[in-house]
Amino acid sequence: MRGRALFWLFITPVLLWLLLLILLPHLDLLLLSFRNREGWTLDNYRTFFYEPVYWLTFVRTALYSIITTFLTLCLALPVAFYITKLARPGMRGLLVVLLLLPFWVSELVRVYGWMILLRESGGLNYLLLKLGILHQPVEMLYRDATMIMGLVYTSMLFMVVPLVSTMEGLDDSLIEAACDLGAGRLTIWWTIIIPHCKPGITSGSIVVFMLVLGNYLTPNLMGGKNSLWFTEQIYNQFIASFNWNQGAAFGFLLLALSSAIIWLGLKITGQRLGEVAR
Amino acid sequence: MSADLVVTGLVKNFAGFRAVDVSFSVEKGSFFSILGPSGCGKTTLLRMIAGFEEPSSGQIIISGRDMAGVPPNHRPANLVFQHLALFPMMNVADNIAFGLKRRRVAAAEIRRRTGEILERVELPGYGDKAIHQLSGGQKQRVAIARCLILDPKVLLLDEPLGALDLKLREQMKVELKKLQAKIGTTFIYITHDQSEALVMSDTVAVMHRGRFEQLGSPQELYHDPHTPFVAGFVGESNKWPGELITCTADEAEFRTEEGYLFRARPNIPAVPGARASLFLRPEAIFLEPEATPALNSFAATVRAILFDGANSRLLTTVVSGRELLVALPQNRAFDHIRVGDTVNLGWHPGSGVVFADGEDQG
Amino acid sequence: MIRSLPRSPSYNRAFTLFITLYFLFLFAPLLVTCVLAFNNSDFPALPWYGFTLDWFLSAGPERVGIFQDADNLRAIRISFQTALWVSLLSVTVGVCAAFLFEQENFIGKELLYYLMLAPLVIPGVILGISILLGANTVGSYFDEVWGWDFDLFRPSFWLVVFGQFSFITTFVTLVVSARLRTFDRSLEEAALNLGATRLEVIRLITLPFLRSAVIGAGAVAFLMSFENFNTTLFLVGSQPTLPINLYLQVRDGSTPVINAVSLLLILGSAVLAVINLYFDRRREEKG
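Chains as they are written, first to last, in numbering that gives the first Met the number 0: chain A, 0 to 277; chain B, 0 to 361; chain C, 0 to 286.
No lab work stands behind these hints, which were simulated from the structure alone.
Since we're looking at a predicted model, the values are computed, not measured.
A hint or two may mislead.
Said to hold, decoys possible - In silico EDC-like links for lysine to aspartate or glutamate, alpha-carbon gap of 16 Å or less:
{"id": "1", "chain 1": "B", "residue 1": "K176", "chain 2": "B", "residue 2": "E108"}
{"id": "2", "chain 1": "A", "residue 1": "K224", "chain 2": "C", "residue 2": "D251"}
{"id": "3", "chain 1": "A", "residue 1": "K84", "chain 2": "A", "residue 2": "D171"}
{"id": "4", "chain 1": "B", "residue 1": "K100", "chain 2": "C", "residue 2": "E199"}
{"id": "5", "chain 1": "B", "residue 1": "K181", "chain 2": "B", "residue 2": "D201"}
{"id": "6", "chain 1": "B", "residue 1": "K172", "chain 2": "B", "residue 2": "D201"}
What the hints assert, rightly or not - The following label-pair restraints were derived from C-beta to C-beta distances:
{"id": "7", "chain 1": "B", "residue 1": "G135", "chain 2": "C", "residue 2": "Y277", "range": "36 to 46 Å"}
{"id": "8", "chain 1": "C", "residue 1": "I106", "chain 2": "B", "residue 2": "S56", "range": "23 to 33 Å"}
{"id": "9", "chain 1": "B", "residue 1": "G135", "chain 2": "A", "residue 2": "K266", "range": "47 to 57 Å"}
{"id": "10", "chain 1": "C", "residue 1": "K108", "chain 2": "B", "residue 2": "S24", "range": "37 to 47 Å"}
{"id": "11", "chain 1": "A", "residue 1": "E167", "chain 2": "C", "residue 2": "R6", "range": "15 to 25 Å"}
{"id": "12", "chain 1": "A", "residue 1": "L263", "chain 2": "C", "residue 2": "I1", "range": "49 to 59 Å"}
{"id": "13", "chain 1": "C", "residue 1": "I1", "chain 2": "B", "residue 2": "S134", "range": "33 to 43 Å"}
{"id": "14", "chain 1": "A", "residue 1": "L26", "chain 2": "C", "residue 2": "F24", "range": "35 to 45 Å"}
{"id": "15", "chain 1": "A", "residue 1": "E175", "chain 2": "C", "residue 2": "E199", "range": "42 to 52 Å"}
Glycine included, every Cβ here is placed at the ideal spot set by N, Cα and C.
Excised from the complex, chain A in its bound form:
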């Protein structure tokens, strides 16, 4: 169209946003990670590889993030299936609302809820003692398993929503046809439902993975001292040690890891980020 003035009206704030707040800060992050007080150096990265505590935490964080993403997917698939294909149509709207409601609440509140449920003096211990299942209160918090459960809980929404919306697009008659042609339950899941939901699975997994990898709150509050998360290392460098260059290097490594795994995920499923975002 002829409205060139309009074009500049649109593009100016967008350029300011993307250049000043996205592109330049991340370039700065990259540059600073190659510097220390004396000048240009690779020391910040060397430290990462020579100190086992750093790269072990890094690998641990990556592995746990993948496990968490997979568990979230396994839990979300049947939930989405129930809501779209099994629940009575009248119930469906209500279920979706109930499903979304907890995620409107701050992550901090949700984690806090788990803390007062699971800790030694918490609600679950109280209940189990009363029922006589336990005789001694058990500290359920600050364990890896608890932390993973917390992470699954926190990121559930971002898996369920894309799954529900792709599964809604799956024509019931396809399942009926498969059944009519003699397919069993497993075959239907494997050959009809999962392939159809691939876009939803991809976008859900990417978002969940990214959120888990970059999460600070849940590992920090539920994981305890001995289950370090890589974001905590970054935080320590910035806030405790005040070594910003080292922190920048860690930050860049985390960014590289998350980009690499997301890229790999997109490659494997043959999708593009632009499509996934839709």
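Add chains B and C to chain A, keeping to what the hints say.
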């Protein structure tokens, strides 16, 4: 009579292919249709007239003014969109008043003229209704009223009946024709439906591959097609290949592939012996005619009776298995015909047209 | 297997049990949090000592209820201000971006689009430190070269606003773009054809069409900002937002006043969720 729209040498090229290449003029107050299959370039042509596409070359003149460089919001031509494009966020009155408000017409004047135009399209008192409360035909009329209130020199209509169901479409054809006669605005109507074009128009242009194949009254197009494409596209035709035996300006002897020898009207004189095709309309063929030497006659076997009220036809085959459609008048004279019967058929030499086969086959 | 196909009773029962447990899993922590806000105890734990409103109303000195708790009230106010600014800015820029990517064509559009999507794959913590570093670099440049000292470039209220804005705008852009994509461009052409200017088309046709999406996106932006933790953590100065403030309290030992704040947050979110849902429904009805 003066022309409201003059288009000269208008060309639109898309990435190496020529989508539109036409010249024509439309008389003031006439109903002009552009008829063509989808992809023939008619929508592009219309959008160039409305100003949404830039022509590659050529000139568009609307009531004496050259439209080059005039943006769509300043052209004296309004467009009724294919899916009407009524603004869902406004009620009927606001939709109709939209253009006048843009011209900064006083509110009282707008109200008066909106009421007037609603009367004219037979929707009095509908101003407060929301768009989604209207029926298909009512929406149609609002879309037209919204344009007519601006007194355009030319009203462009982009297949506005396409979305309606069959019954309503038939009804709207008549209504549109009446409305146009009443208000006298020049209508330019594009469609792929030959019946819409034939019923409503004063002049029809048949468009094919970006060009006008023929321009004329509906009767001329129907009875005297100039190209095989027009013969095949306007109305129904049986196409029968064969060769020319002799050919003069007004009569040709034609032998079909099966060996029938017919007399017919040649479109243009062609060399005897040339490959040619005969176009014969189903209603031009008489069932069980009285044998006179003036008629071409032959026999065929009935394969199916396609009953469709006034439009009923017989599907017949001649010896080679070639299929021919024959009109079946519903005057009870032919109720005895059954599938498998052999019937005698005949037709006037003047009602079948022979075209020499060129490369340009529809 | 699905509604229309025959299923065995055990299959049905197993699935219903699974879903019930799942919803229990979803709501248990929230319910416990809410209930314990009313427990007449000094710790957010069972057993139940009776009902009290102390954690909301009490003025101290032993128990300070949330409505008397200056520190937390201030954090709530700061979070409100932050969220207001963030939603305002991100909606403005997000609408511009949606128009830009859906309706304009220019060189480098693809590249810019991917840059716009980048905040989706950048962990919030990284975004936080990048903006902290970037602001610090610019700030010390101004300081060294011209001797100017801006608060803006140090951890502060505005740095938090810009940090949250930087990724929330992406969400707003995606929501508004999705809506804009369903927009029938012939409506714009019709308006142009009837004599409207480009600006009038946007004001009278396109923006009203986008209204519910913009309001919805604004509500989500508000909430995302109000609750953001990861990015804010690195940018917060002397004015902590509510999540940061709560985090510090939870980390250092908790009292049921946190339950009371949480209850208020849950109620607030629920109200916002319902509003958003209402607009979603209306949008669907209008088609």
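> Within 37 to 47 Å or not, the Cβ separation of K108/C and S24/B?
Replying inline: For S24/B against K108/C, whose Cβ atoms are near 42 Å apart, the range 37 to 47 Å holds.
> Does the hinted range 33 to 43 Å hold for I1/C and S134/B at CB?
Replying inline: Given range 33 to 43 Å: holds, Cβ gap about 37 Å.
> Does E108/B lie within 16 Å of K176/B when you go C-alpha to C-alpha?
Replying inline: Between K176/B and E108/B the Cα gap is close to 28 Å, so the pair fails against 16 Å, i.e. violated.
> CB of I106/C to CB of S56/B, is that within 23 to 33 Å?
Replying inline: Check passed, 27 Å falls within 23 to 33 Å.
>> Tell me if the straight-line CA distance from K100/B to E199/C falls inside 16 Å.
In response: holds, 11 Å
> Taking the CB of L26/A and the CB of F24/C, does the distance hold inside 35 to 45 Å?
Replying inline: Hint holds: Cβ distance 42 Å, inside 35 to 45 Å.
> If you draw a straight line from the CA of K224/A to the CA of D251/C, is it 16 Å or shorter?
Replying inline: It holds: about 14 Å lies between the C-alpha atoms, which stays within 16 Å.
> Quick one, are K181/B and D201/B close enough, alpha carbons at most 16 Å?
Replying inline: It holds: about 14 Å lies between the C-alpha atoms, which stays within 16 Å.
>> Within 36 to 46 Å: is that where the Cβ-Cβ distance between G135/B and Y277/C falls?
In response: violated, 30 Å
> Does D171/A lie within 16 Å of K84/A when you go C-alpha to C-alpha?
Replying inline: Roughly 8 Å between the alpha carbons, so the hint for K84/A and D171/A holds.
>> Would the hint linking K172/B and D201/B be met if the CA-CA limit is 16 Å?
In response: Answer holds: K172/B to D201/B is near 13 Å, not above 16 Å.
>> Within 42 to 52 Å: is that where the Cβ-Cβ distance between E175/A and E199/C falls?
In response: holds, 51 Å
In this structure, the hints that do not hold are numbers 1, 7, 12, in rising order.
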